[in-house]
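S.K.: All chains, please: the whole structure from these sequences, using the hints.
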Amino acid sequence: MIAERINKGTRKVPAWPIYILGALPPLWLIWQGFTGGLGVDPVKEMEHQMGLWGLWLLIAGLCITPLQRFAGIRLIKYRRAIGLLAFFYILLHLLIWLVLDVQIPSQIIADIYKRPYITVGMAAFVLLIPLALTSNNWSIRKLGARWRQLHKLVYVIVPLGGVHFLMLVRGFQIEPLIYLAAIAVLLALRIRLPRRKRPATTG
Amino acid sequence: MIRLTTPKFRDCDVTDEAAYLNRRQLIAGAAMGAGLGLAGPAFAAPEGLEPNSFEDITNYNNYYEFGTGKRDPAEYAHALTTEPWTVKIDGMVDKPGDYQFEDILSNAQIEERIYRLRCVEAWSMVIPWNGFTLASLLDRVGVQSGAKYVAFETATRPDEMPGLRYPVLNWPYREGLRLDEAMHPLTLIATGLYGKELPNQNGAPLRLVVPWKYGFKGIKSIVRITLQEDEPFTSWNDANAGEYGFYSNVNPNVDHPRWSQATERVIGAGLFGSRRETEMFNGYGEEVAQLYDGMDLSENF
Chain A
1 MIAERINKGT RKVPAWPIYI LGALPPLWLI WQGFTGGLGV DPVKEMEHQM
51 GLWGLWLLIA GLCITPLQRF AGIRLIKYRR AIGLLAFFYI LLHLLIWLVL
101 DVQIPSQIIA DIYKRPYITV GMAAFVLLIP LALTSNNWSI RKLGARWRQL
151 HKLVYVIVPL GGVHFLMLVR GFQIEPLIYL AAIAVLLALR IRLPRRKRPA
201 TTG
Chain B
204 MIRLTTPKFR DCDVTDEAAY LNRRQLIAGA AMGAGLGLAG PAFAAPEGLE
254 PNSFEDITNY NNYYEFGTGK RDPAEYAHAL TTEPWTVKID GMVDKPGDYQ
304 FEDILSNAQI EERIYRLRCV EAWSMVIPWN GFTLASLLDR VGVQSGAKYV
354 AFETATRPDE MPGLRYPVLN WPYREGLRLD EAMHPLTLIA TGLYGKELPN
404 QNGAPLRLVV PWKYGFKGIK SIVRITLQED EPFTSWNDAN AGEYGFYSNV
454 NPNVDHPRWS QATERVIGAG LFGSRRETEM FNGYGEEVAQ LYDGMDLSEN
504 F
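Residue numbers (our numbering), protein chains in the order written: chain A, 1 to 203; chain B, 204 to 504.
Be aware that one or more of the hints could be misleading.
[Claimed, not checked] Among the chain A residues that face chain B by a calculated CB cut under 7 Å, a handful are:
#	residue
1	Gly9
2	Gly33
3	Gly39
4	Val40
5	Asp41
6	Gln103
7	Gln107
8	Arg115
9	Tyr117
10	Gly171
11	Phe172
12	Gln173
[Unchecked claim] Derived coverage of chain B by chain A (criterion: at least 3 residues anywhere in the stretch with Cβ under 8 Å from a Cβ of chain A; other residues may be distant):
#	region
13	270-284
14	364-374
Calculated directly from the structure, the hints in this document are not laboratory data.
Glycine included, each C-beta is placed from N, C-alpha and C at the ideal position.
M.R.: As structure tokens, this is what we get:
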């Protein structure tokens, strides 16, 4: 079985290399940005790439539980790394927007209030902060049952991220719709229908 | 092979500042020499316009027929067949017909115009176009009285344009101008840039350039020009009337519903390049503001 093989294979692979691998895309972007590899508009390219990587990782994080439930593939030990990496990419996405793209503080504040796609993106980022801050063993112990409830915020955050992307494209474009569809499916898989009670069989 | 342009300078001269200044004077001289009757320096393009590199201009394009990515046109537009090319000119004109591109060009007086292009997406670049005034073409075909608008249409070639597979817009791409805008001496049909043939990704073989309007008004690879009485269908207005008006004049005071138009990112300025303030009519207000006298530009955006 594939699932067994994956589970066996990942038994010896710790999560920490994900953080190291995760540092490569931003470093690569910075390198490319300084050496002209990002084309004519390096700022937009960095901003877009970091946002996209963040969204991909958020979606990847949503895949962990369904993979375990429906395919028996256990990747849960990588979920924290994936989630934290998503947070850092989105933080970088935001910083690039603030520092390199918009630059003007008054316009940044106006944009957050006046531009719905930015409001939505900012809301998603703000909601991610407590999740990132509590992605550690100490917080899990400390918060107990509330930790699980708090982290259900991802069910709001990821759709917001997908909507943020959809809202900023011009015209009818497929890519953000594909992500939104994937998010919808991944969330739908979590809905547990109330189990129908078996009619008592007699004789 | 027909020469598409009459370059006054070779490519190697382009970045040379002396040549650049010299050329500016030539343009001004040529424009005045053409007897267009404007007082003062003709087409006083906003001062200090430093053209973007050929590389910038040809690798950062919105031409959705080839894909929605900025680099898609550079990657895919080579498939576009531009020879032969026919432009159908019809509607309220004295001499309607199918005009060969060569025929249009051989009757045209090619000038160089250095214009800032301000995209509705809040970025800008400076482009040294080669082309002729739309007015000269319209004069040649004879605009009939009663015509109030000019409608334009881009080629639709599903075999050559991969972006047409997606309903991003209601294809074919269409644009339009009011007749007085079309006849304005700043309004150009570009057939080249930097003294070279117009690259496909920039709208070969001929495209519209209206420097005081957002870039999307500058329809590319034109196959049809129609003179008509009614306001033409325009693609972006059709896609989202709340975001894209018929006029689409550059206006820092009227925001796009999703983003501010007060400033623009300067393409080619690098990682730490700063924004610049967007100018009313993209800096061409002196020449064109009177076209809109008495109009509420926040209504007619």
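S.K.: Compare the structure with each hint and give your call.
M.R.: Consistency of the hints with the structure:
For A/Gly9, the interface hint is violated, the least distance from its beta-carbon to any beta-carbon of chain B being 36 Å, above 7 Å. With a cut of 7 Å, the hint placing A/Gly33 at the interface with chain B holds, because the nearest CB-to-CB distance is about 5 Å. A hinted interface residue such as A/Gly39 counts as satisfied when its beta carbon comes closer than 7 Å to some beta carbon of chain B; here the least separation is about 6 Å, so the hint holds. Evaluation of the A/Val40 hint against chain B yields a held restraint, the C-beta minimum of about 4 Å falling below 7 Å.
Hint status for A/Asp41 relative to chain B: holds, with the closest Cβ pair at about 6 Å, below 7 Å. Taking 7 Å as the C-beta cut-off, the interface hint given for A/Gln103 holds, the closest approach to chain B being about 6 Å. For the restraint placing A/Gln107 at the interface with chain B, the shortest Cβ-Cβ distance is roughly 6 Å, inside the 7 Å limit, so the hint holds. This hint holds: A/Arg115 has a C-beta 6 Å from the nearest C-beta of chain B, less than the 7 Å allowed.
A hinted interface residue such as A/Tyr117 counts as satisfied when its beta carbon comes closer than 7 Å to some beta carbon of chain B; here the least separation is about 6 Å, so the hint holds. With a cut of 7 Å, the hint placing A/Gly171 at the interface with chain B holds, because the nearest CB-to-CB distance is about 4 Å. Given the 7 Å rule on beta carbons, the hint for A/Phe172 holds: about 5 Å separates it from the nearest Cβ of chain B. This hint holds: A/Gln173 has a C-beta 6 Å from the nearest C-beta of chain B, less than the 7 Å allowed.
Look at the region 270-284 of chain B against chain A: 3 of its residues bring a Cβ nearer than 8 Å to a Cβ of that chain, three or more, so the hint holds. Counting residues of the region 364-374 of chain B whose beta carbon lies closer than 8 Å to any beta carbon of chain A gives 4, which reaches the threshold of three, so the coverage claim holds.
Hint 1 from the earlier list is the only one contradicted by this structure; the remaining hints agree with it.
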